[in-house]
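K.L.:
Sequence:
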Amino acid sequence: MKVTRVAYSKSLNGGKYSRLEEQARRLGVVRSLVWRQFGSVGGLAWSDRQIRDVWIVDGTAQTFGVLANAWKETVRDAVADITANREAAKVKSAVRSTSAPGKRPSGSDCSSC
Numbered sequence: 030m031k032v033t034r035v036a037y038s039k040s041l042n043g044g045k046y047s048r049l050e051e052q053a054r055r056l057g058v059v060r061s062l063v064w065r066q067f068g069s070v071g072g073l074a075w076s077d078r079q080i081r082d083v084w085i086v087d088g089t090a091q092t093f094g095v096l097a098n099a100w101k102e103t104v105r106d107a108v109a110d111i112t113a114n115r116e117a118a119k120v121k122s123a124v125r126s127t128s129a130p131g132k133r134p135s136g137s138d139c140s141s142c
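In our numbering, the protein residues as written are 30 to 142.
There may be inaccurate statements among the hints.
To be verified - For lysine to aspartate or glutamate, the following EDC-like pairs were computed, each having C-alpha atoms within a straight-line distance of at most 20 Å:
1) K121 with E51
2) K101 with D82
3) K101 with E51
4) K101 with D87
5) K121 with D110
6) K39 with D77
7) K119 with E102
Stated by the list, open to error - Label pairs and their in silico Cβ distance ranges:
8) A53 with D82: 23 to 29 Å
9) T92 with Y37: 37 to 43 Å
10) V124 with D82: 45 to 51 Å
No wet-lab data here; the hints were simulated from the structure. Where a beta carbon is used, it is the ideal one built from N, C-alpha and C, also for glycine.
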């Protein structure tokens with residue numbers, strides 16, 4: 030999954046732009062790590078706060094090289110995206126199971142259809 034955030038600035042110099050680009054790259058690594066480690070069935074029981082707490086204790090957070098607020102918000106966003114993705118899959122699965130191929134919806138009294 031790729032996320033794009035757009036920011037506008039009138040007086041953004043090359044140095045600031047480079048730093049923002051690097052921060053975006055690093056936060057992309059954080060987002061990818063959340064999806065890899067918690068995006069499957071094994072991550073069902075994990076909240077963003079639990080992930081955050083474990084990463085602070087085990088030192089993972091120190092490897093990100095960005096401010097705490099930035100990576101914590103990225104973890105929160107990624108977990109919310111994972112949750113939304115799971116919910117969408119449930120709805121899609123429910124729709125698929127209620128409309129079996131070759132069957133007419135219940136209540137259809139049309140004998141000539």
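K.L.:
Now tell me, hint by hint, if it's right for this structure.
P.N.:
Outcome of the hint check:
no.: 1; hint: K121 with E51; in the structure: 37 Å, violated
no.: 2; hint: K101 with D82; in the structure: 10 Å, holds
no.: 3; hint: K101 with E51; in the structure: 17 Å, holds
no.: 4; hint: K101 with D87; in the structure: 15 Å, holds
no.: 5; hint: K121 with D110; in the structure: 16 Å, holds
no.: 6; hint: K39 with D77; in the structure: 35 Å, violated
no.: 7; hint: K119 with E102; in the structure: 26 Å, violated
no.: 8; hint: A53 with D82: 23 to 29 Å; in the structure: 25 Å, holds
no.: 9; hint: T92 with Y37: 37 to 43 Å; in the structure: 31 Å, violated
no.: 10; hint: V124 with D82: 45 to 51 Å; in the structure: 37 Å, violated
Of the hints listed earlier, those the structure fails to meet are numbers 1, 6, 7, 9, 10, in rising order.
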